[in-house]
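Novice: With these hints in hand, go ahead and build the complete structure from the sequences.
One letter stands for each residue in the lines below.
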Amino acid sequence: MGKYYYHSIDEVVYSETCSNGLQVFIIPKANYNGVTALMATKFGSLQSKTTIDYQGHPLCIERGVAHFLEHRIFDYKKGPVIDLYSAMGSYANAFTSYDKTVFYFYGTKKIQTGIDLLLDFTRELNVSKESVEKEKEIIINELNMYLDQPESVLLHGMLMNLYKNHEIRYDIGGTEQEVRATSLEMLEAAHATFYHPKNMALIIVGNVNVTECFHYIREKVQTFPVVAQNKYQLEQIVEPNEVNCEYSSVELPIACQKVMIGYKHLPYPPTLDPKVRNKNEIIWSMYLELVFGSSSKLNQKLLEKGVIVSPIDASKFCGENYSSTIISADVYNEEEFIKAIAENIGTVNFSSVAFERCKHAEIAAFIRNLEDVQGLAVNFVYNFFDGVIALEDYDVINSITYEDVVKFAELYKIKNRAIFTIKPKEQVK
Amino acid sequence: MQVKTIALLPNLTLYLVPTEKFKTVEMNIIFKGKVDPKLDADLMLLAEVLSDSCRRYPKKREVEAYCDFLYRFSFRINNEHQMESDNFTLSCNFISPRYLPDDFDIVDKVFEFIHEIIYRPLLKDGAFDSEVVKIQQQKTITLVNQFNDSKEYYSLLHLNDYINGEHPYKHSMIASEEELKKVTPQSLYAAYLKLLERPISIFIVGKFNELHLNRMIIKHLRPGNEVTTPRLFVELPYNKMARYEVTKHFKQSQLSMVFLTPDINTSRVDNVALLFNYIFGSGSTSKLFKVVREEHNYCYTINSQLRTLSNSLVVSAGIDDKNYEDTILLVYKQLDKMAKGEISDEEFTAGVESLKSQFMASEDNGRSIIVSIMNNLVRDLPYLPPQERVAELEKISKADVVRFAKGVRFSYSFLLRQRGEK
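Going down the list, the protein sequences come from chains A and B. Residues 495 to 923 (my numbering) are what the first sequence spells out, left to right. Residues 14 to 435 (my numbering) are what the second sequence spells out, left to right.
Among the hints, a few may not be true.
Only pairs whose alpha carbons sit at most 30 Å apart, straight line, appear in this in silico DSS-like list of lysine-lysine [to be verified]: (1) Lys714/A to Lys604/A; (2) Lys795/A to Lys833/A; (3) Lys152/B to Lys799/A; (4) Lys810/A to Lys36/B; (5) Lys791/A to Lys303/B; (6) Lys630/A to Lys604/A; (7) Lys604/A to Lys34/B; (8) Lys658/A to Lys346/B; (9) Lys137/B to Lys799/A; (10) Lys72/B to Lys901/A; (11) Lys791/A to Lys122/B; (12) Lys773/A to Lys692/A; (13) Lys34/B to Lys497/A; (14) Lys799/A to Lys194/B; (15) Lys17/B to Lys572/A; (16) Lys350/B to Lys303/B; (17) Lys47/B to Lys17/B; (18) Lys909/A to Lys658/A; (19) Lys628/A to Lys572/A; (20) Lys628/A to Lys346/B; (21) Lys411/B to Lys572/A; (22) Lys791/A to Lys194/B; (23) Lys408/B to Lys17/B; (24) Lys604/A to Lys36/B; (25) Lys261/B to Lys572/A; (26) Lys411/B to Lys603/A; (27) Lys628/A to Lys303/B; (28) Lys137/B to Lys195/B; (29) Lys264/B to Lys919/A.
Rather than coming from a laboratory, the hints here were simulated on the basis of the structure.
Specialist: Now the structure itself:
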């Protein structure tokens, strides 16, 4: 069991790799009443176009399988997982992202039983053809719900414009047709492949006895049969450097126009040291905050001139094999907004004093995240899969200099841009 | 965790929860008055104007920049109604001094800043700056119109109209476009002066030096003399069973149903209501979730929420049009089952255990602690530590829940009917 104490933030992380390859982390919070335990696998929508070597034959899985699997895994052989947690007074849920699926529970007692269940239900898939068919209707209802959310429509439109071939351009849940085409065999193959302990991590944050907890997990894991992970081949996709479509728009009956501008960058080389990449991403966020954030000159100017309705939202959007900057706002004047962003991106229009303020804000955001057991667990697992320990960010932020951020602006020398907008449509009475 | 109540000044009451548990300090400053529908649009805009500028930091970006300097001092000003009570609230959160450099006196700086925001607004010729007001007016009107982009919000807003009928307190704190347009720099200033007459309540959770904190509060905050005793509980009219429908552009319909409940405003009964609601529709193990979503696959989400101050319960679900009648029937049926005592031991135990966990978990978050104290104050009850709430909950029997279910009556339904093509 490894132990790392982070003095400046008074937090400890304990870690261990189990005999079956599962990585386990515990961040104890002695004064808290509750505990979050989270089990995550590196399987999200980006791994959808995969051919799995399953029971001696190659099997191609559909888009949306990661999300579908997330739904069905809750149907455990001992009963619905949600009910089992509820009986312990705990709350359980799950979510699927582009490159991960995460299952978690939150409770204040019977934590060991909860962890036990978490290790079991994610390991064993209990599905029938009938249950797969039934689940399709629920998932389609969920997909339809997103169609009524302008923010979802906006991001989806943007990714379609930025990327020509990359899987990131497709919805995490897939389309209605893809959901309908999902089979029991696909779910079983995906589960056997991506829910292998070597592909997963368990993170526990909250009021637990660390020694007892590790001991228990160690014993439990040793009872699991050792199985080899299926081989799989991700579909090799060649994504051009250019954007797929420079501009497109749709009309929806919304109150105010929404504009999203995306800049497509070259993805990080896979060999890049994760710590270097992590520092770079923090610098990236700070750069965007300084140029477009709520305390930037540009934001104030655009609000005063009546170009935008609410503050600009600018963020990095990156992962394995994709990297982009996404900037959006609700606008009164589309043309002026696009022009202003184009004129400011890649510039260094901030002082070293502003940089120091931004650093304060970044440190505060980091400290706030430490208070939220659920948020901390999620943040921790995301960083861990990317090869980084999230609690080290405090020192990383403190090490960043004004010059680092100035230098970062060079990223925008190549302006590979796409725009997507939702225009208000007059509603039919 | 104990709450210390201090009458620091006449009309200024402090509720302190000292704890070393958190790395930040959570604080709410409330100017409490009586709802005056004529002032709602002004107070809504006033919250925006005070948030965005003051004499020392005239521009929004200067306010934001100073907040960043204060290690992202996060604050929000808003105006909320609790039936007759109008709470103009500044809620904020700042990093505990322990995690900041020794020479950074954050508590002093935070209170100085709050003083600037509240007591030194940007004025011109005896009123708020007309340019600032104009920009805020336009921004707020757009935001108000944007609420209608969400079918959940649209449904609740319209449902509110139907529920409250001609009730004098039906007026939403979200002003309409017309009301916002009528606000002038002068009317805004008049509303501001009235606000300063109100008494102040302050809620603080975190680690602090109490003596120093009190000094800062006395130095920077000035309660008014006005004392109001607003009514907080209102009986909703039970007119008739009615259904309303509106067709909009959405691609999925939104069903909302309102039920009137027995009185849920005393601590003991409140727990019965919470337990009833958990089993009926609030959790993902609820009867509604199991039957409407899991058995019939009519929706992705369905839930019920208690509205304590008006003794009502609202069921909401995103459904396909064609399942409207069936869904309504299924909801009725689940209520009927509860009234007939068809609550399994598993459902009952899950409800009790989950609520116990929720009570205990409420102490893991500074904001929840403040909300919990405030919810008790509304009912003139002392703050109950989670352990005591758990003990209260354990006294509840299945028969209590069944009795409660028998008193729940359907009142209205509202269907926001889909029109859009998928």
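Novice: Now tell me, hint by hint, if it's right for this structure.
Specialist: Going through the hints against the structure:
| no. | hint | verdict |
| --- | --- | --- |
| 1 | Lys714/A to Lys604/A | 16 Å, holds |
| 2 | Lys795/A to Lys833/A | 13 Å, holds |
| 3 | Lys152/B to Lys799/A | 12 Å, holds |
| 4 | Lys810/A to Lys36/B | 27 Å, holds |
| 5 | Lys791/A to Lys303/B | 52 Å, violated |
| 6 | Lys630/A to Lys604/A | 33 Å, violated |
| 7 | Lys604/A to Lys34/B | 22 Å, holds |
| 8 | Lys658/A to Lys346/B | 50 Å, violated |
| 9 | Lys137/B to Lys799/A | 21 Å, holds |
| 10 | Lys72/B to Lys901/A | 29 Å, holds |
| 11 | Lys791/A to Lys122/B | 24 Å, holds |
| 12 | Lys773/A to Lys692/A | 26 Å, holds |
| 13 | Lys34/B to Lys497/A | 22 Å, holds |
| 14 | Lys799/A to Lys194/B | 19 Å, holds |
| 15 | Lys17/B to Lys572/A | 47 Å, violated |
| 16 | Lys350/B to Lys303/B | 14 Å, holds |
| 17 | Lys47/B to Lys17/B | 26 Å, holds |
| 18 | Lys909/A to Lys658/A | 17 Å, holds |
| 19 | Lys628/A to Lys572/A | 19 Å, holds |
| 20 | Lys628/A to Lys346/B | 22 Å, holds |
| 21 | Lys411/B to Lys572/A | 25 Å, holds |
| 22 | Lys791/A to Lys194/B | 28 Å, holds |
| 23 | Lys408/B to Lys17/B | 28 Å, holds |
| 24 | Lys604/A to Lys36/B | 27 Å, holds |
| 25 | Lys261/B to Lys572/A | 43 Å, violated |
| 26 | Lys411/B to Lys603/A | 23 Å, holds |
| 27 | Lys628/A to Lys303/B | 13 Å, holds |
| 28 | Lys137/B to Lys195/B | 19 Å, holds |
| 29 | Lys264/B to Lys919/A | 15 Å, holds |
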